[in-house]
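Residue numbers (my numbering), protein chains in the order written: chain V, 98 to 275; chain P, 124 to 512; chain E, 183 to 287; chain A, 54 to 307.
Bear in mind the hints are in silico, worked out from the structure with no lab data behind them. A virtual CB, placed ideally from N, CA and C, is assigned to each residue, including glycine.
Straight-line alpha carbon distances no greater than 20 angstroms define the calculated PhoX-like cross-link-like pairs of lysine-lysine that follow: (1) A/Lys-256 with A/Lys-169; (2) P/Lys-493 with A/Lys-63; (3) A/Lys-265 with A/Lys-255; (4) P/Lys-169 with P/Lys-195; (5) A/Lys-169 with A/Lys-249; (6) P/Lys-169 with A/Lys-79.
One side of the interface only, derived from the structure: several residues of chain V facing chain P at Cβ under 10 angstroms: (7) Val-153; (8) Leu-156; (9) Gly-160; (10) Ile-164; (11) Phe-168; (12) Ser-228.
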Amino acid sequence: MNEVTAFWILAAISVIGALVAVRKRNLVHGVFALLVFFAGLAGLFLLLLAEFIAVVQILVYAGAVGILILFAIMLTDRVTGKDAFRVTSRGSFWGAIIALAVFLVILLPTIREIPLIENATPKDMIVEQSSVKELGTKLIEPYIVTIEVLALLLTAALIGAVTAAQGGRASEKGENTE
Amino acid sequence: MNWELIGDILLATVPLLVIFPSMFALTTWVERKALARIQNRIGPNKVGVPLTPYGGNLSLFGLGQPAADGIKMLFKENIVPTGADRLFHLLAPILSLIPAMLVLCFLPLEFPWLNGEQNSVKAFMLDGAVIFFFAITGLNTLAVFMAGWASRNKYSLLGGMRAIAQMVSYEIPLVLSAVVVVMIVGSLNAAEIAEAQAGWNWYVFQPWGLAAFVIFFIAALAETNRSPFDLPEAESEIIAGYFTEYSGFKFALFFLGEYIAMFAISGLAVTLFLGAGGGPGVEALPWLKVIWFLAKVCILIGVMIWLRGTLPRLRVDQLMGFAWKFLLPLSILNIFIAGFAWHAKKANEGTAVSVIVWVAALIILYAAAKGLDHVNRAKVKPRTYQYGE
Amino acid sequence: MTLALHHYLILAAVLFCIGLLGAFSRRNAVVVLFSVEIMLNAANLNFIAFWRFGTNPELLHGPLFTLFTIAVAAAEVAVGLALVIAVYRHFRSVDLESLDTLKEE
Amino acid sequence: MSLLGGGIFKGMAVTLRNFVGSYFDKERLTTKEYAWRTDDKLPERAGDYPKEEAEQLSDTTTVTHYSRNFPMLLHDEGEPMDTVRCVACQICERECPPQCIYIEKSKDKMERGGNKAQFYPATFDIDVSVCMSCQICVEVCPFDAIVMNSQFELSTPDRFGGLLLRRDDLLKSNDYYHKIHPEEAAARDKRIADEKAAKEAKKKAAEEAKKKAAEAKAKAEAEAKAKEEAESAEKPAEAPAPTHTDAKKEDNGE
Numbered sequence: 098m099n100e101v102t103a104f105w106i107l108a109a110i111s112v113i114g115a116l117v118a119v120r121k122r123n124l125v126h127g128v129f130a131l132l133v134f135f136a137g138l139a140g141l142f143l144l145l146l147a148e149f150i151a152v153v154q155i156l157v158y159a160g161a162v163g164i165l166i167l168f169a170i171m172l173t174d175r176v177t178g179k180d181a182f183r184v185t186s187r188g189s190f191w192g193a194i195i196a197l198a199v200f201l202v203i204l205l206p207t208i209r210e211i212p213l214i215e216n217a218t219p220k221d222m223i224v225e226q227s228s229v230k231e232l233g234t235k236l237i238e239p240y241i242v243t244i245e246v247l248a249l250l251l252t253a254a255l256i257g258a259v260t261a262a263q264g265g266r267a268s269e270k271g272e273n274t275e
Numbered sequence: 124m125n126w127e128l129i130g131d132i133l134l135a136t137v138p139l140l141v142i143f144p145s146m147f148a149l150t151t152w153v154e155r156k157a158l159a160r161i162q163n164r165i166g167p168n169k170v171g172v173p174l175t176p177y178g179g180n181l182s183l184f185g186l187g188q189p190a191a192d193g194i195k196m197l198f199k200e201n202i203v204p205t206g207a208d209r210l211f212h213l214l215a216p217i218l219s220l221i222p223a224m225l226v227l228c229f230l231p232l233e234f235p236w237l238n239g240e241q242n243s244v245k246a247f248m249l250d251g252a253v254i255f256f257f258a259i260t261g262l263n264t265l266a267v268f269m270a271g272w273a274s275r276n277k278y279s280l281l282g283g284m285r286a287i288a289q290m291v292s293y294e295i296p297l298v299l300s301a302v303v304v305v306m307i308v309g310s311l312n313a314a315e316i317a318e319a320q321a322g323w324n325w326y327v328f329q330p331w332g333l334a335a336f337v338i339f340f341i342a343a344l345a346e347t348n349r350s351p352f353d354l355p356e357a358e359s360e361i362i363a364g365y366f367t368e369y370s371g372f373k374f375a376l377f378f379l380g381e382y383i384a385m386f387a388i389s390g391l392a393v394t395l396f397l398g399a400g401g402g403p404g405v406e407a408l409p410w411l412k413v414i415w416f417l418a419k420v421c422i423l424i425g426v427m428i429w430l431r432g433t434l435p436r437l438r439v440d441q442l443m444g445f446a447w448k449f450l451l452p453l454s455i456l457n458i459f460i461a462g463f464a465w466h467a468k469k470a471n472e473g474t475a476v477s478v479i480v481w482v483a484a485l486i487i488l489y490a491a492a493k494g495l496d497h498v499n500r501a502k503v504k505p506r507t508y509q510y511g512e
Numbered sequence: 183m184t185l186a187l188h189h190y191l192i193l194a195a196v197l198f199c200i201g202l203l204g205a206f207s208r209r210n211a212v213v214v215l216f217s218v219e220i221m222l223n224a225a226n227l228n229f230i231a232f233w234r235f236g237t238n239p240e241l242l243h244g245p246l247f248t249l250f251t252i253a254v255a256a257a258e259v260a261v262g263l264a265l266v267i268a269v270y271r272h273f274r275s276v277d278l279e280s281l282d283t284l285k286e287e
Numbered sequence: 054m055s056l057l058g059g060g061i062f063k064g065m066a067v068t069l070r071n072f073v074g075s076y077f078d079k080e081r082l083t084t085k086e087y088a089w090r091t092d093d094k095l096p097e098r099a100g101d102y103p104k105e106e107a108e109q110l111s112d113t114t115t116v117t118h119y120s121r122n123f124p125m126l127l128h129d130e131g132e133p134m135d136t137v138r139c140v141a142c143q144i145c146e147r148e149c150p151p152q153c154i155y156i157e158k159s160k161d162k163m164e165r166g167g168n169k170a171q172f173y174p175a176t177f178d179i180d181v182s183v184c185m186s187c188q189i190c191v192e193v194c195p196f197d198a199i200v201m202n203s204q205f206e207l208s209t210p211d212r213f214g215g216l217l218l219r220r221d222d223l224l225k226s227n228d229y230y231h232k233i234h235p236e237e238a239a240a241r242d243k244r245i246a247d248e249k250a251a252k253e254a255k256k257k258a259a260e261e262a263k264k265k266a267a268e269a270k271a272k273a274e275a276e277a278k279a280k281e282e283a284e285s286a287e288k289p290a291e292a293p294a295p296t297h298t299d300a301k302k303e304d305n306g307e
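Okay, chain V solo, but in the shape it has when bound:
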């Protein structure tokens, strides 16, 4: 059980999770597959020694985003979808072609560079101190403006989300009275 086996297992988990999430007709199954994908990715982050990112991945994606999506699914209809209902959109064939093309375009430079980057072994940078502490200091020292802008963005997003969701309710009330 070395790193390579772990990588292949985690890669398989995340790829299968993502595929099921994208293709599954049942939306709730899809969301849970998506969560499996997030968990697999968190495992990959751990493999890359980014433990804090892995925790944030679980906390934000599996904890918050997953639940948010579940709420959205429960608030809208068609959880499972009828059989007669088409899952794929009209241009799905061309979509698949484009996705494949993009994949090749991304892959080409990587494959060409393989002989170059193969030697790039990870630096032995196992931090003596807590890497979480390092990250915290970095966030405060050079990136304080980014953090503040991010906080502003999150607040704006929150207000926007509440307004968007509530505006619908007001118009719905109007519809009902007609």
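Once you have looked at the hints, place chains P, E and A on chain V.
Below, chains P, E and A without anything else, positioned relative to chain V:
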């Protein structure tokens, strides 16, 4: 194969898997007894050790009850509703138990056989143990939703949705009240937090620590679906909530998961505010730390049971209002106050100054809580009744 | 065989294209939203991999950028789902092909 | 200005007082322990529990005189099926909220207790795994034929057949009823007796009234006759007696 490593891992994890489930068994008995006594009943007192096959029973205050319950649960039929999603119905109880068991290893339980330098496994030495704890506890919500949705039952789904709304809302005050301690210690490491409180320097004795502890405890009650926040399983409204359709061993798993989560979150409260393993005599006898830790956890569990026997269940709107309008502002204010108090103390090291800071912080927090309470309290006028002539 | 950078890069490319495929080929707005999430996560994996195998890991650029991406993605999901719900309230559907009021009617 | 959250502490003090008090003050305990049968030999398997009434009356079957769980059928003294009170009217079957009663009416009629011949239940099943012990069947029964039993040791190795109580399992004597619920049984018997007495009295009263009415009629007739006779002829003395006997004869003839 590194057999030594495997041995170390077993030494670190097996005690957790032995101690907490056995504590769970005892707690179910204690809870039934205590609730019965609170209601002036006797509680389970018959099941004990049978002396002969034909009667004669050493009842031992009904201590055999957990074993009897366990055996009953194991042998019950496993019923899955017709329309249920069979896979998710099976996965949900397992998924609810795994996070609860997993977070136990972040508690700074310093077993004597783990203190040696040669032992390489120290789960609680993980950097960011506190945030790991919250991240993994959050997964419990998904298991609850899974159970509610997979049962294909309206009551289950209602219970599941209630549980999600409640857990997401109360997770915020829970994390924000823990942030105070993390901020003061300057570390997310559970062992370092425990070390910072050595020698009666417990954070619950600080005004901000007390406020954070109270908020944390209330939020923990809600997070583990304990009374008075047990709306997801409110019997009088939605049968049993998300585990309406569960029977037998799956139900037992849910039950076990719920109680293990209670122990875990109480353990975190003890770590953050009640000095972890600190207590009289730990300097001389280091193994007392584990005993003290578990004793404190048991006391918190006892308070939870006591509260369950005392308080009636909240309404849904009261529940949400309490989280968002009372606990959230108070916990944010608490962070500010902790920061100011820390800086004031650092600036001038005098007993008088620290006393003034202490009192001022307490007064501000209490006044804020009182004000929030006043603002949020529903304006209920005394009712006037009219009777027909 | 040892793990090298290109393993992670190819994995990230595969995940990104799965997300792209989902975004192109599904009709449900919620599914499209989480396809976008898959793409974002694939990009995050690239950031971390480049940080780990890159030249200056002690600067922690990769994790920091990933942290910011995750925060922005969370905001995006919140707004996106609010929009989905608003659209659902208005059209009684989250089917992207039926949201074509500009074309017909 | 009250302490914030003071109400919670007040409540906790109350529960603490109850908790501690229940250990010292036996008067507080609202429930009583039921007697555990220690002298008898307990059956080894659930299916081996004694079915005889005498044994069912041991302490394990009757907790208190007020406990009840599932219905049973009553019969009076004598052979159970000869004296069963149920006439298979099926009111309880229709009223049962969870529909746990199944009755089949007999083809023939049977006379019991000197009453008019009636039907009797050929089949009377109660599925106690469905029954919710609501006692509605007891309330609606016009014949006092179904009452609540207090036997609770119904555990059985057969989940479906064993929990379906047949007619013969359900038949219990009125004496048994008196033993398990003495007050209720006495009240019920008294009511039945009273109703019977009242019915008899009513019948009697009706007869009396009829008799009186007949008498009055006869009297009036006689008086009218007498008047007539007095008016027409002067012989009124012997007239009433024969008319009275005539009226009685007429009454008997009806």
